[in-house]
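Each chain, letter by letter, is given below.
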Amino acid sequence: MAVAVIMPELGESIVEGTIVRWLKQEGDSVQEDEPIVEIMTDKVNTELPAPASGVLQQILAPANTTVKVGQELALIATASESAAATAEPPAAPVSAPPPVEAVGFYGGADEPAPVATPAPAVPTRSDGQTRTATGQPFISPVVSKIAREHGISHEELLTIPGTGTGGRVTRKDIEAYLAQRKAAPAPKPAPAPAPPPVAAPTPAPQPVAPREGEEVIPLVGMRKVIAEHLTKSYQTAVHVTTVIQVDVSKLVEFRERNKESFQQQYGVRLTYTPFFVKACTDALLEFPMMNATLQDDQIIVRHYVHMGVAVALGEKGEEGLIVPVIRDAHKKSLIDIARELEDIAKRARNKSISVAEVQGATFTLTNPGSYGALIGTPIINHPQTAILGTYAIVKQPIVIDDMIAIRPMMNLCLSYDHRLIDGMYAGRFLQRIKRAIESFEFFK
Amino acid sequence: MREVTFLEAIRLAMWEEMERDPNVFMIGEDIGRMGGAFGVTSGFFEHFGEDRVIDAPISETAIIAVAVGAAAAGKRGIAEMQFIDFISYGFDQVVNVAGTWLYRSGGKTPIPIVVRGPSGGYVGGSLYHSQQFEAWFFHTPGVKVVQPAFPDDAYGLMKAAIRDNNPVVFYEHKYLYRRIKGLIPYASEDYIVRLGEARIRRYGSDITVVTYGAMVHFALEAAQRLEKEGISLEVIDLRTIKPLDMETILESVRKTSKVLIVYEAPKTGGVGAEISARITEQAFEWLDAPIMRVAAKDSFVPFAEPLEKFVLPSVDDIVFAARELAAY
Numbered sequence: 000m001a002v003a004v005i006m007p008e009l010g011e012s013i014v015e016g017t018i019v020r021w022l023k024q025e026g027d028s029v030q031e032d033e034p035i036v037e038i039m040t041d042k043v044n045t046e047l048p049a050p051a052s053g054v055l056q057q058i059l060a061p062a063n064t065t066v067k068v069g070q071e072l073a074l075i076a077t078a079s080e081s082a083a084a085t086a087e088p089p090a091a092p093v094s095a096p097p098p099v100e101a102v103g104f105y106g107g108a109d110e111p112a113p114v115a116t117p118a119p120a121v122p123t124r125s126d127g128q129t130r131t132a133t134g135q136p137f138i139s140p141v142v143s144k145i146a147r148e149h150g151i152s153h154e155e156l157l158t159i160p161g162t163g164t165g166g167r168v169t170r171k172d173i174e175a176y177l178a179q180r181k182a183a184p185a186p187k188p189a190p191a192p193a194p195p196p197v198a199a200p201t202p203a204p205q206p207v208a209p210r211e212g213e214e215v216i217p218l219v220g221m222r223k224v225i226a227e228h229l230t231k232s233y234q235t236a237v238h239v240t241t242v243i244q245v246d247v248s249k250l251v252e253f254r255e256r257n258k259e260s261f262q263q264q265y266g267v268r269l270t271y272t273p274f275f276v277k278a279c280t281d282a283l284l285e286f287p288m289m290n291a292t293l294q295d296d297q298i299i300v301r302h303y304v305h306m307g308v309a310v311a312l313g314e315k316g317e318e319g320l321i322v323p324v325i326r327d328a329h330k331k332s333l334i335d336i337a338r339e340l341e342d343i344a345k346r347a348r349n350k351s352i353s354v355a356e357v358q359g360a361t362f363t364l365t366n367p368g369s370y371g372a373l374i375g376t377p378i379i380n381h382p383q384t385a386i387l388g389t390y391a392i393v394k395q396p397i398v399i400d401d402m403i404a405i406r407p408m409m410n411l412c413l414s415y416d417h418r419l420i421d422g423m424y425a426g427r428f429l430q431r432i433k434r435a436i437e438s439f440e441f442f443k
Numbered sequence: 000m001r002e003v004t005f006l007e008a009i010r011l012a013m014w015e016e017m018e019r020d021p022n023v024f025m026i027g028e029d030i031g032r033m034g035g036a037f038g039v040t041s042g043f044f045e046h047f048g049e050d051r052v053i054d055a056p057i058s059e060t061a062i063i064a065v066a067v068g069a070a071a072a073g074k075r076g077i078a079e080m081q082f083i084d085f086i087s088y089g090f091d092q093v094v095n096v097a098g099t100w101l102y103r104s105g106g107k108t109p110i111p112i113v114v115r116g117p118s119g120g121y122v123g124g125s126l127y128h129s130q131q132f133e134a135w136f137f138h139t140p141g142v143k144v145v146q147p148a149f150p151d152d153a154y155g156l157m158k159a160a161i162r163d164n165n166p167v168v169f170y171e172h173k174y175l176y177r178r179i180k181g182l183i184p185y186a187s188e189d190y191i192v193r194l195g196e197a198r199i200r201r202y203g204s205d206i207t208v209v210t211y212g213a214m215v216h217f218a219l220e221a222a223q224r225l226e227k228e229g230i231s232l233e234v235i236d237l238r239t240i241k242p243l244d245m246e247t248i249l250e251s252v253r254k255t256s257k258v259l260i261v262y263e264a265p266k267t268g269g270v271g272a273e274i275s276a277r278i279t280e281q282a283f284e285w286l287d288a289p290i291m292r293v294a295a296k297d298s299f300v301p302f303a304e305p306l307e308k309f310v311l312p313s314v315d316d317i318v319f320a321a322r323e324l325a326a327y
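Each protein sequence line maps, in turn, to chains X and V. In terms of numbering that gives the first Met the number 0, the first sequence has 32 at position 33, counting the first letter as 1, and numbering is strictly consecutive. In terms of numbering that gives the first Met the number 0, the second sequence has 174 at position 175, counting the first letter as 1, and numbering is strictly consecutive.
This is chain V alone, in the form it adopts within the complex:
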């Protein structure tokens, strides 16, 4: 095992996959000579060369389109969005091109690409560098969506995403990049985390907290605080948002009968809404309280720190909601 940061775990996963499979390549803005805006691809250009580490112009459409085209021709492309917010420029490539290609080709042509990039707030990134629009692709057929919270998952999921034959949008929360450290296996262990499997990061008995990304850490902190009050949270880290691991969620719901869903994106129409609906559909008889959500306000993420804090969910928000649920 090696102790690495969240960022380093992602870097190592891509490095090892590129070593393992010569078909894997990457494309993005400033990822080559500069090593990436956050340094996730630092050293790749020197090691793998300019054919496999391609500096692209500022065009997310082109970056994703190149990855998609190359994938159709047998390569495995990793397309970096300098900030995942700008995936909107490549939206059509993901939704209408990559997502549909396997179906359109009668199952003949898979599009194994990973569109990855830093997401999320809490770093003063303002409007265009703080967003969490995973719900867009959660809503899109033919696309998988991943967002890890810990280095080992980031490492194992990135490897699985690169090897997966479907387009995967991979959210890397920038707040976690250098804040979170953890142990990951050595390359020789060929460790992967299969897509579509949630992980219970903390076992508890009173309330099931379903969450992902940076919110996993918030939920764990809330759980620690609430433990002193005798409220026991079970924290489920989805890891893969789509496909959704309903089995793990439902099993926990059958144990606690109370559910709190926490996500960093605007509340309305977020991933939590779908999870809530599915629990109601599939485990209505197990509920002892309304399913509750803690999420961002339906707003932009402002630059000013107090306003950013106001808009985004906090540990306190989780604690208060959990108390309310516990008392219900």
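Bound conformation, chain X alone:
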């Protein structure tokens, strides 16, 4: 008896992920709930537990392949049926996805009530089989026929992205693939139907041959997710950016004066970010549209704040970016926020953060100032409505009461979705943050 390891739904908008690596190999014995595979989704790596104990019989999705939610990743051969029949009552069928709630993929009690949760992307037939008994993807008669007529090998067929149930290649998929292939013919068309490629199947659609001095990296994993995410955001939201200058004298002064005692007292390094999170959170409660999301002609306004904070990964930022979330930021004190930020940023860099911790943000804060950026136009973290960038603090001569003074100044750049937010609302929102920082009203 084989139990399938199924790609679980790892969050409200997650439809696919990438296999990073298998922690167990074919033939290895596995225990139920033991991590067996590392999967990368929506900017996070997570380990998937085995749904049953047994032997990892077959890996259906090798490393670096992109898998859809509901897709079978591997088969685990469980203990023989005869053993089960003797003493113990028959175990409940274990075809369900792995016990994901244990790791909180669906969010805990703190998760807000779901608002108009989108339907699962892939409806499944209750009696439908999209895979054969051997675990091979189901090839329908017509797809098989078309493949044969066009000299597409089985291996090539498996590389075509499928939109059917369980990622099955549908007739439309293969026809689209053929049309695309025709539109962009291979440089050296083979005279006869090409023999099946000997190499192992890779999910890359059309391998590009690198020229000298070039290297080809497949767009997979986090990079792919970021690419898709940003494209979606840019194509959906009407982006506009407004900038305001903030005099951060009091903030800088407070930090300088307290950073050591703060570290001693609370065990946390005092940075500027918790102040920005706090100021921003307070402002969001007063300007809830900034904290809204647009869903099918409905504006969902949130009166709570889950603050996403962008964290760059890698020494040079070459390992991508992750946005951990401070949940219910509006209920937390500055110290709580500081503590949580440090922990979450550290774990994000260690890649030991769970999916739940990067999901559900209602607003995002990004800090290009950390690498000296003066001004910029951040892209909204879809499906949120706005993102605030905090830029480098630089001493500047400014005019106060008709006198020139030297003050540490910082730009706050707010990108927002102009479909929901008008200029004045954005301006007032920024003013609200500016006031909080300049008057330093944090410890009221």
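Errors might be hidden in some of the hints.
[What the hints assert, rightly or not] With the Cβ distance kept under 8 Å, some of the chain V side facing chain X (calculated, not the full set):
#1 P242
#2 L243
#3 S256
#4 F283
#5 E284
#6 W285
#7 D287
#8 A326
#9 Y327
For the record, the hints were derived by calculation from the structure and aren't laboratory data. The C-beta atom is built at its ideal place from N, Cα and C for all residues, glycine as well.
Based on the hints, put chain V in the right spot on chain X.
For chain V alone, coordinates are given in the frame of chain X:
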């Protein structure tokens, strides 16, 4: 062209055929002086007289037997079942007598009869006035089975059925009688719809819907709804259930590769089962998904409206099944 109801189209077809051919006659319960339970034969008795419009006692066996006997002697009989459900009383006459006669007579004696009557549900008709047992005769050699969905087809098919030399069981869906209106040609045009030819009532690209009778209208409504979701249905109205126009079906299957069969009768052993089997036999390599069926539950048609709705297929059922197929 004239605009008429579905019922009027059938009435006019019979009227014109009786005018055209003096051998055509009709027999049934209350069809003469009363003009028929639904008024399909209203005015016939006065116009054609009691020799050609015969009021019969309540005996479906006798009604069909008279038509069969007269047909053997050279007449063309139209036997009305007040409700097609009661054809079961005349079952032997259709299956063992009419259906076999041409064969038994060595091809000498055709039995040109039409056994017609109102069928189907959705009108609160309860158990004995709501059935769709076309599968019985679909299974019977020597008998043709017809069920139109639109006035022009009802008109053209009724004329063809009367002129056909084989026994024809003609299902008239009572839900359509006065709900559906349409244009039909004038008598002078001598318009007929040949038996055994399906008609595509809506062209589409994603899913082939094979259906007939009232379900054609349901399927068209479903197609309209699904169009907004980007799912395109091709709706085939069989019109004649037997002989089955496999060519039209297969041509569409080769285009869409996905098939949904919709029929109002109980699902098990229905006409859709045979269509499904034939598609698998004849176009297996063209399929991209399992052939699916939407049909009535394997039950009686209850009187209570909510229960009737529960048992009989709905537009929603078609929409849901089509979505599932589209996503497969």
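Hints versus structure:
no., hint, result
1, P242, "violated, 26 Å"
2, L243, "violated, 22 Å"
3, S256, "holds, 5 Å"
4, F283, "holds, 5 Å"
5, E284, "holds, 4 Å"
6, W285, "holds, 5 Å"
7, D287, "holds, 4 Å"
8, A326, "holds, 5 Å"
9, Y327, "holds, 5 Å"
In summary, the numbered hints that this structure violates are 1, 2.
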